[in-house]
Structure formats: C-alpha cells, structure tokens
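Participant: Listed below are the residues making up each chain.
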Amino acid sequence: MTLLDIRAPALGQALRPNIWDAVALVVVIGAMVLIVYGGEQTTLPLSALDVAPVSLDPANLPFYALRTTMRMLLAIVCSIVFTFIYAALAAKSRRAEMVLIPLLDILQSVPILGFLTFTVVFFLNLFPGRVFGAELACVFAIFTSQAWNMTFSMYQSIRNVPKDLEEASLSFHLSGWQRFWRLDVPFAMPGLIWNTMMSMSGGWFFVVASEAITVGNTTVTLPGIGSYVDLAIQKQNLPAIGYAILTMLLVIIAYDQLLFRPVVAWADKFRFEQTASATVPTSWMLDLFRRTRALRAVIVPFAAIKKAISNLHIVIPAALRMPAGGGEPSRLVDALWLAFVLAVTGYCGWRAYAYLSATLGPSDILSALGYGLITLLRVIVLIALATLIWVPIGVWIGLRPKLAERIQPLAQFLAAFPANLAFPVFVLVIVRYGLDPNVWLSPLMILGTQWYILFNVIAGASAFPTDLREAAGSFHLRGWRWWIKVILPGIFPYYVTGAITASGGSWNASIVAEVASWGDTHLTATGLGAYIAIATQAGDFPRVVLGIAIMCILVTLFNRLLWRPLYAFGERRLRLG
Amino acid sequence: MLDQVKQATLLDIRGVCRSFPKGSGEDLLVLENVDLTIRAGEIVGLLGRSGSGKSTLLRIIAGLIAPSSGDAKCRGETIKGPPNGVSMVFQSFALFPWLTVLQNVELGLEALGIEATERRTRALAAIDLIGLDGFESAYPKELSGGMRQRVGFARALVVHPDLLLMDEPFSALDVLTAETLRTDLIDLWIEGRLPIRSVLMVTHNIEEAVLMCDRILVFSSNPGRVAAEIKVDLPHPRNRLDPTFRQLVDSIYARMTQRAEARTPTIEGILGTGVGMVLRHVSSNVLSGLIETLAAPPYDGHADLPVLAGSLQLEADEIFHFAESLQLLRFAQVSEGDLMLTDAGLRFAHLATDARKKLFAEHLINYVPVMGLIRRVLDERPSHTAPAARFRNELEDYMAEDQADETLKTIVSWARYAELFAYDEQSEQFSLENPH
Chain D
1 MTLLDIRAPA LGQALRPNIW DAVALVVVIG AMVLIVYGGE QTTLPLSALD VAPVSLDPAN
61 LPFYALRTTM RMLLAIVCSI VFTFIYAALA AKSRRAEMVL IPLLDILQSV PILGFLTFTV
121 VFFLNLFPGR VFGAELACVF AIFTSQAWNM TFSMYQSIRN VPKDLEEASL SFHLSGWQRF
181 WRLDVPFAMP GLIWNTMMSM SGGWFFVVAS EAITVGNTTV TLPGIGSYVD LAIQKQNLPA
241 IGYAILTMLL VIIAYDQLLF RPVVAWADKF RFEQTASATV PTSWMLDLFR RTRALRAVIV
301 PFAAIKKAIS NLHIVIPAAL RMPAGGGEPS RLVDALWLAF VLAVTGYCGW RAYAYLSATL
361 GPSDILSALG YGLITLLRVI VLIALATLIW VPIGVWIGLR PKLAERIQPL AQFLAAFPAN
421 LAFPVFVLVI VRYGLDPNVW LSPLMILGTQ WYILFNVIAG ASAFPTDLRE AAGSFHLRGW
481 RWWIKVILPG IFPYYVTGAI TASGGSWNAS IVAEVASWGD THLTATGLGA YIAIATQAGD
541 FPRVVLGIAI MCILVTLFNR LLWRPLYAFG ERRLRLG
Chain E
1001 MLDQVKQATL LDIRGVCRSF PKGSGEDLLV LENVDLTIRA GEIVGLLGRS GSGKSTLLRI
1061 IAGLIAPSSG DAKCRGETIK GPPNGVSMVF QSFALFPWLT VLQNVELGLE ALGIEATERR
1121 TRALAAIDLI GLDGFESAYP KELSGGMRQR VGFARALVVH PDLLLMDEPF SALDVLTAET
1181 LRTDLIDLWI EGRLPIRSVL MVTHNIEEAV LMCDRILVFS SNPGRVAAEI KVDLPHPRNR
1241 LDPTFRQLVD SIYARMTQRA EARTPTIEGI LGTGVGMVLR HVSSNVLSGL IETLAAPPYD
1301 GHADLPVLAG SLQLEADEIF HFAESLQLLR FAQVSEGDLM LTDAGLRFAH LATDARKKLF
1361 AEHLINYVPV MGLIRRVLDE RPSHTAPAAR FRNELEDYMA EDQADETLKT IVSWARYAEL
1421 FAYDEQSEQF SLENPH
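So the protein sequences, as listed, match chains D and E.
Read in order, the letters of the first sequence are residues 1 to 577 in the working numbering.
Read in order, the letters of the second sequence are residues 1001 to 1436 in the working numbering.
Please keep in mind that the hints were generated in silico from the structure rather than gathered at the bench.
Fair warning: there could be bad hints in the mix.
[To be verified] For the chain E half of the interface with chain D, some residues (derived, Cβ under 8 angstroms), not all of them:
(1) A1062
(2) P1082
(3) G1085
(4) S1092
(5) L1102
(6) L1107
(7) A1111
(8) L1112
(9) G1131
(10) F1135
(11) F1245
[Unchecked claim] Sample of chain E residues lacking proximity to chain D, with all beta carbon distances greater than 10 angstroms (derived):
(12) G1063
(13) S1087
(14) Q1091
(15) V1159
(16) D1242
For glycine and all other residues, C-beta sits at the position ideal for the given N, C-alpha and C.
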C-alpha cells in the first residue's frame, strides 16, 4: 500500500474531495455482483475436485513449497504485465486516467480474501471440475494482493519522468514505443522493484490463506503449504505446523537471497540521481552472475530480446497520439466519455442494488455496519498497542547503527512471513486456557503486520541526522522533551508509512483472524471479518458482497480521514532534508 | 540560384506567436511576432532575460511545442514534431542515468534505425571528437558536470545535424569548466571539424553571447519579441579584455535596461500591472544587502550594472532581477545599464533594523498594489483573517498558476519581513496577528 500520490497542496489550494472515488466504489461493487450473478446463472454444479489429497508427511513439504512458490511467481508475472499495461494507459491517456486511478484506489482497499470468494466461483465455473480453475482462482487472489501498489508506483513514476529527458527522447526521434522502454520503464524501475518486493512479502500471507478455501459446499484444496497447514489444523497435528513454519522460513530466505537481493542490486543503476551514492546495495548472487561467464551467457538471449522489443518500430496511429504542445482537448469527446462512464456507473449501481435488495434489508446493512465498527475498534486499539510497543524499541535500535544493521533484515523478514501459519499455535493457547476469543483472537490480526511499524521506525531513526541529535544533546534536551520535540517528529513520516501498511494489512487479516479453529473447536470473534468469513463458508453471496462493500468503505474512509492527512502533514512539515 | 538560397536557409521563422493558458480567462502571450532566419555557417544567439520566451522559441524550433500562430519552417518544411537534421543540447544535460556514455551517445542513432556497427563507429568518433575518450563505459553519475555536458554534445553531434540547438548549455557549469567547454567548442567550429552547419544557442549570459555568436538577437520580455539584432564581427578566438569586446558587452547591457522609462505604468521586467503584478521572489536580505552595497563606496549610490554584476559574481539575469525589485519598491532606479539609489533607498541604507522594516512596509503598501489589497481586506474583516485561496483566485485572473504561486510566496516573505501581516502555513490564512 503506497501513498506516494499525496503531495502537499500548493499555497492557498486546499485538498478537494473527489467525486470519482464514489464512482469507482460503485463500479467495483457492481462488478463483483455481476461476477457472482454470472456464476449463479450457470447451472453447472460446483463439483468436487479431482485433486490428490494432501498428506501430512514432511517429505512432501519440499514439493508443496515448490507449488506454493510457483503460484507466487506466476502471480507476480501477471502483476507485472498488468502493471505495465494499466499504468501506461493511465499515465498516457487523460480520459483513461480519470477512471483508472480512482478505481485503483478503491481496489487497493478491497479486502483481498474477499476477492477470493467471487473468483473461486468464477474460475471454477470457467473450468468445471478441473484443478486449473482453482489454481487460477488462487493465483488471481495473490495477484490482487500484489498488483495495485505496483501499478500505483509505476503510474506515479511515468507521470514524474523529468521533463528534460522527455524532451531529449522526443528530439532524438524516439518513437512512443521506444520511449516507453528506454525512458519510462527504466525511470519507474526502482520504485517498481521496491513495491514488487513489498507485494511479494505481503503475498505469502494470501497464498497460504487461499490454497485451502471453502465456498458454500465447494472445498478447494490445492497442494501447497497453506493446504498442509489447513490439514494439520484439522488433524490437530502440532509438529506438522512446526515443519510448515520451518519450510516457509527457508523458502522466504531463498527467495530473498536468490531473487530479490540480486534484482535490487542490479536495479541500483536505474536510480535517478546525478551523483553516486555512498551505500550501494550488494548481492553475492549478482556478483556471482556478473563474474561467471557461463551464467552471463544465460542472460544474453534475454538482453537481446529486450533490446529487440524496445527497438520495434511500432507506430501509434496519429489519431491516438497526443498532439505536441498539448492542443485543446475535444470537449465533445470528453462529454461522450463522461456520459459513458456515468452510464456504466449507473448500471453497476442498479445491478448491485437489485441483487442486494432481493435478499437483504436495511437491518442487514445496519448489523454489518455494526460489525464493521467493532473490527474498526480492534484495528485502532491494535495499531495503538503496536505503536506503544514498537516505536520506542524501533527508535532504540535505529539510533544504534550496528544493531540496526542486524535487526532490520529480521524485521523485514518477519513482515514477509505469513503470520497465518502461526495462528494455530495461538488458537491452541486460547482453547487450552479457555480465553475469550473476542479479545484474544484480535492480536492475530496484527501479528504479521506489526513488523511494518518496527522496520519503518528503525529506518526513520537510522536516517535521523546526526547534527540534529548533537544539537539536541548540546541543548540538554532529555526525557519527554527529547521524545516530543526531537525524535518523534523526526521519525513521523516513516512511522505513518509503516502504520498505513500495518492497518491495511490488519483489515485484510481480520477475515482469517476473527474465525479460527483447532480440530473440531471453532472460535469466532464478533466482527466484520468473521461476518465475511462465515458468509463465505455458507456460500451466502449477498452477505459477502455487503460485508466487503462495508469493509471497503470503512477502509477508504479510515485512509482518507486519518492516514492521508497525517501523511500529508508529515511530508509537508516533518520531512527532513 | 533560387535553389541555392533555399538550401542555404536552414531555418525560417515568420511571425511566430505563442501563448499559454492562464489560470483563468484569456491566454498569456509569451512570444509575439518573432521573425528569425538562420543560414548555413553561422552561430546565432538568442539573448534575453529568463521569461523572455527565448526558450519557448527554441522549443518551437525543436518541434517540442507548436506555435500558436505564424509559420516555422526548417529546411523548407513546416515544423511538425521534431524535424530531421536538428538536435539539441540541454541545460540540464538530460542524460539517461541508466545508460553508459556510449549508450547515451548511440541512443539517437538507434532511434534512426542505423545498424549496430555503423552506430558504434560513429558514436566512438563523436566521443573522440568531443574529448571523452576513455569514458565510454562510465555512467553519467560518475562524471563531473563538464564531462556530462560533453556527453550531451557528443550525443547531439553524432546524428550529424544541420542545425545544433543549445539551450543555455553552459549555465549549469562552474565558471572554469564552462569557459573550457566554450573555447573547445569554438575551436572545433572554426577548424570545421564539427559535423554541423549552424548553431542556435539560447543564453542569458551577455559575455557568452558576444564570445561565441556571429549574430545576437536580443529579446525583450512580456511578451517576448526581438528587440534588436546585433552583428558580432570580431574574429575568433575573441578576447574578453579587448576594448571592442567590452564596448559591445556594455552596449548590450544598456540596451537590455534602456526601456525602463518607455513603458509606464508597467515596470520593465515585471509582468502585469496593479494587483495582477507578477512578483518574483527576492529575499529581503538580498535587497538590503544590495542597497547597502550601492550606498557604500565605491558606488556611492550609483553603479554600472556590468561592473556591479562582476564584483558581486552575479549573472546578468540575477542582477537585472534584483535591480527591478528595487525599482518596483522605489528604492532604486534603473536606466541605460546603470542602477541608482533613490532618496528612500539612501535613507534605508542608514536606518536600523526596525526603522528599515517600517520603511519597507510603507513602500510595500504604496507601490505593490496586492499588498495594499490584502492589508485592506484584513483591516476590514472583523476576524482580521483571510484565506490565501481568496487572493490566489484573484491573482489567477491575471497570471498562470505557477506565477501565482511565486507571487504568493513573495507576498508572504516580504510581508513577514515588513511585519505587515502574518501567514499561517497550516491553515493557509493571512492574519493581522503576529505572535508576541
């Protein structure tokens, strides 16, 4: 979840609310209804899948890990393709931008596991009775957890390509296609890679959650670590859960060392800086690649293909090209486009209303909203608690460079680790000691996402300028005064970034955290997450749509009314340097 | 015969105008009725203040923006998009940081679809010519500014353009580096080793124009048009200390400031009138410093602008800009390349801080209409506060958004110094209360 698009408004220009957000919200919910509606219309029964049953034998774990990783990689490839197309379209066409960007913003706040409910039905209907549909549904769920922030980042970058480079590529006669590959893509690369990395980290959670899922009377179990854990929970097999956690640890370490570190080190050359920076990211894997002739040979064909693609002479029809110097846009086409968008919105709104009002009354909306507020309360309390715990610890670590260097990768690693693998351990404790699930299931929501707060605070404290620290020391600022006047404002922008990610993640996690089981014991905490999860298991689509819509609105409002103003404030007033 | 003339004329600009949309209402005219012809074998300079539209003209010629009206022809063809046979050197170098020197130089050839071996040969030749040997595999961020601009030149030359456009190519470099690069370039030009036929350069540096150009077009601002055309017949290499050189520089300085009296009530260099005056930000520290310098010996209230610019190490553009702010506030008077303190200016120089602020405030109210307006509004309102947006809207009736931005910034900064009124950045409100 990135909020890079927030800039402090210029002098005398206040932030204005945007009607396009409402349009996007209606379109997203309408589209969900249409998917479900289409799924229900097909008369095919959702037949059981012909899947080889998952076994708890640890010897199978490497194979399951491989399957899980493959799903992740497939999803990331889809996300990258999607990003390139969607971001380029949004950045290059003003009319597309009007719709695509608010849409993306709403999609960002739709709970990812909510998507799963619809897409499982949709894809299973697409490929009746075959595993392929379920695989696609799973990949799609991971895709929805990864694509949006990557797309945002790329869109931002393309919009902010330095004007002189743009002019240079124009005046040297680069075609639009060449320009995209030679200028836009390289410029967007560092941001895109960082966001891809964050997406991958977040993705592990969802791959685990979406491998084993029950929608109505259809249960899908795809071979993978998630299904393995699911089975272990049913069989109440604690050692098996330990094995799964261990496997996941190894997979994430391998992925970090073999894939992402090399990519980050390689992408360092795309950083748009005119001076060489002091610390350059390094990777032993990349060094190995660069020094080994045999391995380098592997890359040559890819480089050739890339070059061939970027030099293709694809001529964009003159009609679609932007006029040089930005001539007057046609009012008529604008009006037609606007009418079209409004018509689609109206249609989506009407379908959603028709679908939901057939089975649900106002009392359902009120009760869902009530559940939503309970979950909101949980999120707020948890973020507050995580802040109280991790901010002082993060500051303490961040101000000690040696220690920070060692802890930082650990915090990032913990953020990537799918916390849902560890849920059974907590559930076991709750069951054994008969604790109240309404209180004690809540911490699971923030189990995986609290680390974002920690590592952002560490980063902020590490980046805090030494001269300011020395100045504070020489003026004898200590205790509370030091915290309030010196370090808290200093780390604020970093903290907000971390807290935004943590709160977004907590909303998502509520769907799996508010309902938990161990063998035959089922624990439920009252809240919107449980509401959605229970409706999903019952195959009650109207309630799923309602629950997701409510969550979507709450998350969006929460972001707009709390996080964005805080972020804008931090960027404007407290950004150092 | 006719054919020869046509060939010799590389560029033909007739009656070109360009306007940009303002925040509201009608458009802002930045270029008015410009004529320009460039023939083969000459270096032509476009000299003017920033905001005089010379960069806009260069971008019209480069095909990066379209003229609002008029006719722009390159090698006999109307310019629609970047014309063939024209390449450009940028003020900011505009190098691709992810490409090596060699790759940057090859880029233009690649776009033309020239095959790999020829591309390599030509790129290496250009790199060799411009003195970048040995740097082929370096990335731009590893190079110094001067070396980077050499890459910019090599990249522009490698496509063998007929016309080389240069947009203030030396202004981002330090004095020494810029001078070396200028002389290197002129040497190559007079030796006939550059694969180009003509050069058009934009600059605001008067000496640079006189040093390099065969012909200088002096632009006046608001709207930009050609105020004068000056032929420079001095043989290369030119000597900056040569009396004829100095005389030429002085006369151009004078020409660029002389129209101060001609155009009342507008103030030369300051766009717009009344509330719609576009204010460019100059710190009150700079203004007081300049007044003090002027009041003290050796100037004693009267300075020759080129001399003052030289001793303060300021670009001509900066010194004009400072001088005009002083003129706006009636602390000084600019004419014929000279800057003279007024009585108020002399008084200001000898006052203590608080009295200076008072005098500054008086002049702001009297001579900067928008300041008076804001103060009046604040006095009239019972709450003594007013949102900045109210004045921004009014400013945008007269000027473009970024100009309104800068004007507001200037208002805030000057008002703070003069303690006329306060501005709260959080609420974006002007108010009469100053924290005590």
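Participant: All hints, please: hold or fail.
Facilitator: Hint by hint, here is what the structure shows:
A cut of 8 angstroms between beta carbons decides the hint on E:A1062: the least distance to chain D is about 5 angstroms, and the hint holds. For the restraint placing E:P1082 at the interface with chain D, the shortest Cβ-Cβ distance is roughly 5 angstroms, inside the 8 angstroms limit, so the hint holds. The interface hint given for E:G1085 is violated, since its Cβ lies 11 angstroms from the closest Cβ of chain D, which is over the 8 angstroms cut-off. A distance limit of 8 angstroms between C-beta atoms decides the matter here; for E:S1092 the minimum to chain D is near 5 angstroms, and the interface restraint holds.
Here the hint on E:L1102 is broken, as its CB sits about 14 angstroms from the closest CB of chain D, past 8 angstroms. A hinted interface residue such as E:L1107 counts as satisfied when its beta carbon comes closer than 8 angstroms to some beta carbon of chain D; here the least separation is about 6 angstroms, so the hint holds. With a cut of 8 angstroms, the hint placing E:A1111 at the interface with chain D holds, because the nearest CB-to-CB distance is about 5 angstroms. For E:L1112, the interface hint holds, since its Cβ comes within 8 angstroms of a Cβ in chain D; the closest pair sits about 6 angstroms apart.
The interface hint given for E:G1131 is broken, as the beta carbon of that residue sits about 20 angstroms from the closest beta carbon of chain D, more than 8 angstroms. With 8 angstroms as the threshold, the beta carbon of E:F1135 stays out of range of chain D, its nearest partner Cβ sitting at about 15 angstroms, so the hint is violated. Of the supplied interface hints, the one on E:F1245 is violated, with its beta-carbon coming no nearer than about 32 angstroms to a beta-carbon of chain D, more than 8 angstroms. Look at E:G1063: its CB is around 7 angstroms from the nearest CB on chain D, not clear of 10 angstroms, so calling it non-interface is violated.
Listed as outside the interface, E:S1087 is inconsistent with that label: its C-beta sits roughly 6 angstroms from the nearest C-beta of chain D, within the 10 angstroms cut-off. With a least CB separation of 8 angstroms from chain D, E:Q1091 falls inside the 10 angstroms interface cut-off, contrary to its annotation. The claim that E:V1159 is not at the interface with chain D is violated, since a C-beta of that chain comes within 10 angstroms of its own (minimum 7 angstroms). For E:D1242, the requirement that its beta carbon stay farther than 10 angstroms from each beta carbon of chain D is met, with the minimum near 35 angstroms.
Hints 3, 5, 9, 10, 11, 12, 13, 14, 15, counting from the list given before, are not met by this structure.
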